[in-house]
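In order, the protein sequence lines correspond to chains F and H. So the first sequence is numbered by my numbering: it starts at 1 and just counts up by one. So the second sequence is numbered by my numbering: it starts at 1 and just counts up by one.
Don't read these hints as lab results, they were simulated from the structure. One should not assume that every hint holds.
Below, a sample of chain F positions facing chain H; criterion: calculated Cβ distance under 7 Å [said to hold, decoys possible]:
{"hint": "1", "residue": "Pro50"}
{"hint": "2", "residue": "Ser69"}
{"hint": "3", "residue": "Val72"}
{"hint": "4", "residue": "Val87"}
Example chain F residues on the side facing chain H (calculated, C-beta under 7 Å, incomplete) [to be verified]:
{"hint": "5", "residue": "Met1"}
{"hint": "6", "residue": "Pro2"}
{"hint": "7", "residue": "Glu74"}
We treat Cβ as the ideally placed atom computed from N, Cα and C, and that holds for glycine.
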Amino acid sequence: MPVEIDIEHVARLARLELTDEEKGQLRAQLGQILEHAAAIGEVAADDVPPTATPIPRANVFREDEPEPSLPVDEALRNAPDRDGARVRVPRIVEAGS
Amino acid sequence: MTDLCDLSASELSSKLAAGEISAPELAASSLQRIETVDPKLGAFLTPTPELAQERAAELDSYLGAGAPQTGAAGIPTALKDVLTTNGIRTTCGSRILEAYVPPYDATAWARLSGAGAVLAGKTNCDEFAMGSSNENSAFGPVRNPWDLDRVPGGSSGGSAAAVAAGEVVWALGTDTGGSVRQPASLCGVVGLKPTYGRISRYGLIAFASSLDTVGTFTRNVRDAATLLGVLAGHDPRDATSLDVPVDDYVRGVEDGIAGLRIGIVEGTYGEGVQPGVQDSMRVAVERLATLGAEIGEVSLPHADHALSAYYLIAPSEASSNLARYDGVRYGMRADGVHADVIEMMVKTRGEGFGPEVKRRIMLGTYALSAGYYEAYYGQAQKVRTLIIRDYEAAFERFDVLVSPTSPTTAFRIGERTDDPYAMYLSDVFTIPANLAGTPAVSVPVGLDGDGLPVGLQLTAPLLGEATLLRAASALEADLGLELRPPLLEGV
């Protein structure tokens, strides 16, 4: 059975604007894909450890020495809107707060 | 007619070293081919002819007698447009990065450029490398040089088509679930996905970080060995990059496979595999036996679940990686006055991403969300462990595993776009190697009844690239295929 998904909720979590048509399509397609995926719930026993990455490496550090870094102008060259050395975005906090 | 751009990198390297040809002549041959065939193929998003000419002219003064032999110097090269290039637009095939000009080079390109390779341009691909047909590019499809009505495969479709059509001598792609091997198979070229971590991912714009691998497209196995030798090695800028010595992949690549134990993966002749693909597989397996390999059968018992595990893990990682496209620091921002920053982000992402990327972001967000995490993402990670164990068991009995690269040859443009699950099935043979991190290569082994190339996939244990390429080279030499797509007749 296709899986029922609360598309509006997931789209909010993903910060993604979707048209009504897209929502309808995604509801059906994701439901179908997840139906195929349901079988994996029964494959692995509880004692099988999860794998996050194929060749695990832990605590990969470098010496804590300053190195040359990207100049600010270069780093901000691709920003859609900027004000000097800062990026400019629409209001984040409520007025007066 | 054969032009310089149709020769292999090893042949061209010798001619350059002997002073028989010059780097500018070679670059001109490649640029001419791009001009002739790319209007039909659409392989390039950003050709860089001026840069190529400048670079070739620089090389001209010191290539030739006595110059250091890198194997890559002067070779016309293309890069999939998910690898960053300093000062050259890098789009990922997406509207959201349509105008993005990176301020840094990917390590893979920095190494290749340092060895003297000549960049001919950035190639088309599925948006953010998500797809198996190149139909998900925001900038139009790529066509297969063997049949212009068919897909080149994906997601690195532009790089595969460019190498098959002689637009460049070799190209880089990326492989997260088969995105180098499957298009190589569909376009009749050699596609290598090395061990996870063997080539730095620095500057590879992330799709699924635990699966993403830089890979190569070449017209023969020896060139793949040369190219891997240039690209492989530790990079402190990628924490998952492996700090282990790099083998000499070229030396010994033609030593043959007498006594090599080769396992044919169960499902190779299964019902989902086209008869034309099965026929070419049978011929190739016979040849391997004749060459002295010991052939047996092997099963990867959990391979049936690899597709499902992959289509939970990769979208989950993608939904996290692609959160960075928010219209703030780089990329497009939706036009208009926005009430607040959240509205701006929501609209930017809605306008900037195409349908497949939205589908995977939604799938991944769902699989990681509260209440579903254990059932989907958590369970998929356990299946990943089982697949790794399957490989470990298989490699106790065999040195190399063999299967088709793709269950089908190139399909028609538009044939599978309405059914995402049918499209995902293209990757059924390639995905397990990404989940396990093992190296794998696709080699052309024949043409089907429609004259379309068939690829055979070889898989080796972690860091087994030298053996992998030796087996691929033996098969290639024995089959001796002359692969020249019909597009090039009369060119």
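Structure versus earlier hints - violations, ascending order: Of the numbered hints given earlier, those the structure breaks are 2, 3, 5, 6, listed in rising order.
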